[in-house]
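J.: With the hints as constraints, model all of the structure from the sequences given.
Residue strings, one per chain:
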Amino acid sequence: MDRTHDMGGRPTDASIAPAEHTLADWEVLADAVAVALGRKGIRSTDESRRAMEDLPPDEYLSLSYYERWIHATEALLVEKGVLSREEIDRKLEELEEPWAVS
Amino acid sequence: MSHAHDHPHDVTQHDPEAAERNRLPPLGKRMYAMRDLLVEKGVLSADDIQAEIEYMDARSPANGARLVARAWVDSEFKARLLSDPKGACAEMGIDASGLVEFVVVENTETVHNLIVCTLCSCYPRPILGRPPDWYKSFAYRSRAVVEPRAVMREFGTVLPDEVEVRVYDSSADMRYLVLPQRPPGTDGVGEAELAELVTRDSMIGVTLARSPAMLSS
Amino acid sequence: MTSPLRIGDSVRVRADWPPGHVRTPAYVRGKPGWIERIHGDFRNPELLAYGRDGLPLRTLYMVGFRQMDLWPSRYAESSNDHLYVDIYDHWLESIA
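Chains as they are written, first to last, in my numbering: chain A, 8 to 109; chain B, 75 to 291; chain C, 196 to 291.
Keep in mind that the hints were calculated from the coordinates and are not lab data. Some hints here could point you the wrong way.
Claimed, not checked - Here are the simulated lysine-lysine pairs, DSS-like style, with alpha carbons at most 30 Å apart:
no., chain 1, residue 1, chain 2, residue 2
1, B, K103, A, K47
2, B, K103, B, K115
3, B, K210, B, K160
4, B, K103, B, K210
5, B, K210, A, K87
6, B, K103, A, K87
7, B, K160, A, K87
8, B, K115, A, K87
9, A, K47, B, K152
10, A, K87, A, K47
11, B, K210, C, K226
12, B, K115, A, K47
No experiment lies behind these values; they were computed from the predicted model shown.
T.: Encoded structure:
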């Protein structure tokens with residue numbers, strides 16, 4: 008059964024736009040945290056690839072490269088009990104609170 | 075690009091990180107949340123993260139260009155580069171410890187090499203830095219293996235049929251680097267100037283190295 | 196695998212479709228090629244991907260293919276072209 012990530016030879020007419028962009032801070036962070044977790048033995052390249060490959064096809068195809076990395080980092084941290092989704096959701100709400108609080 | 079760890083509740087001053095977060099996709103926001111939690115829980119320190127940012131910021135195609143330029147002027151070094159690439163990196167003071175294994179493939183008059191990772195975009199980051207968007211694109215991952223010459227034409231590279239094109243799909247822990255051919259008209263050019271002719275794209279294989287005429291324009 | 200493969204040996208990639216993480220691209224499965232290089236022994240990524248130790252070590256080979264064999268009736272470029280993929284020993288069977 009073909010998996011979405013297994014793209015060699017997939018029929019496409021898309022041209023190769025010679026695009027590059029300077030990474031946004033969140034992308035630099037995603038890269039750095041993933042590698043740092045790797046150095047601590049919390050995440051491996053193989054596990055990370057597997058977590059990305061397990062994305063539903065429509066998400067795999069629509070998320071950007073570093074969004075896929077972030078998905079994999081979260082999936083592995085939760086899988087290994089380092090963080091819970093609820094904690095991440097709570098922290099996210101905390102960070103998104105309006106700044107102009109009296 | 076240092077990125078100081080701003081306390082998320084510094085509300086009295088303009089918080090550039092908060093402004094940045096407001097432009098983020100949802101997963102980008104989750105990344106900040108995870109970062110904060112990991113640091114709070116002592117899983118990672120801010121220094122751990124900063125060290126990785128600085129490590130990658132220091133990697134660029136200049137590393138690869140130095141290897142290539144040395145190989146062009148020193149045939150014994152070239153032989154070592156081809157047979158023991160990590161050893162050759164060590165000789166040049168290039169830190170290739172991040173690579174499990176490293177393979178250098180040489181372009182010649184009869185063979186042209188092209189690198190891709192169809193499964194996920196693996197790339198020799200310690201040697202070349204981060205990969206360009208196009209290398210990671212679905213279009214490149216799909217087409218490089220089945221129509222490499224058409225892909226190269228999009229980069230302005232046209233090869234005669236008699237030249238064999240070899241595509242390497244980095245499916246395992248090996249990372250691949252192309253050793254481009256030394257451009258004609260470079261006799262007597264010094265190593266440092268030769269390195270300027272070696273582009274990232276020529277070390278991936280979508281282009282040839284620049285000629286001196288192109289450099290001076 | 197009764198005996199290790201040698202450079203130049205003809206092989207075919209197994210046309211297996213196991214579930215889970217694999218690093219053998221679909222487009223080479225079932226295709227004939229040859230051993231171009233022997234990379235050495237590594238832990239199996241199919242197991243490492245699930246947090247297992249990846250043992251026993253597997254021999255990793257660089258396998259060469261003719262593009263015309265990989266994409267019959269589809270490869271529109273030079274018949275001289277080749278493609279190389281790094282494949283683990285348990286995916287390869289020796290052919291005469």
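J.: The structure should be examined with respect to each hint, and the outcome stated for every one.
T.: Do the hints match the structure? See the list:
1. Of the pairs offered as hints, the one joining K103(B) and K47(A) holds, with about 23 Å between alpha carbons and a cut-off of 30 Å not exceeded.
2. Distance hint between K103(B) and K115(B) is fulfilled; the C-alpha atoms sit about 19 Å from each other, no more than 30 Å.
3. Note on K210(B) and K160(B): the hinted pairing holds, with a Cα-Cα distance of about 25 Å set against a maximum of 30 Å.
4. With a C-alpha separation of about 23 Å, the suggested pairing of K103(B) with K210(B) holds against the 30 Å cut-off.
5. Of the pairs offered as hints, the one joining K210(B) and K87(A) holds, with about 28 Å between alpha carbons and a cut-off of 30 Å not exceeded.
6. For the hint pairing K103(B) with K87(A), the CA-to-CA distance comes to about 21 Å; that is within 30 Å, so the pair holds.
7. At most 30 Å may separate the alpha-carbon atoms for a hinted pair to count; K160(B) and K87(A) exceed this at roughly 33 Å.
8. Taken as a hint, the K115(B) and K87(A) pair is honoured in the structure, with Cα atoms around 15 Å apart against an allowance of 30 Å.
9. In summary, the hint linking K47(A) to K152(B) is not supported, as the alpha carbons are separated by about 36 Å, beyond the 30 Å threshold.
10. Taking the CA atoms of K87(A) and K47(A), the gap is about 13 Å. The hint holds against a cut of 30 Å.
11. Of the pairs offered as hints, the one joining K210(B) and K226(C) holds, with about 26 Å between alpha carbons and a cut-off of 30 Å not exceeded.
12. For the hint pairing K115(B) with K47(A), the CA-to-CA distance comes to about 14 Å; that is within 30 Å, so the pair holds.
Violated hints, listed in ascending order, are 7 and 9; each of the other numbered hints is respected by the structure.
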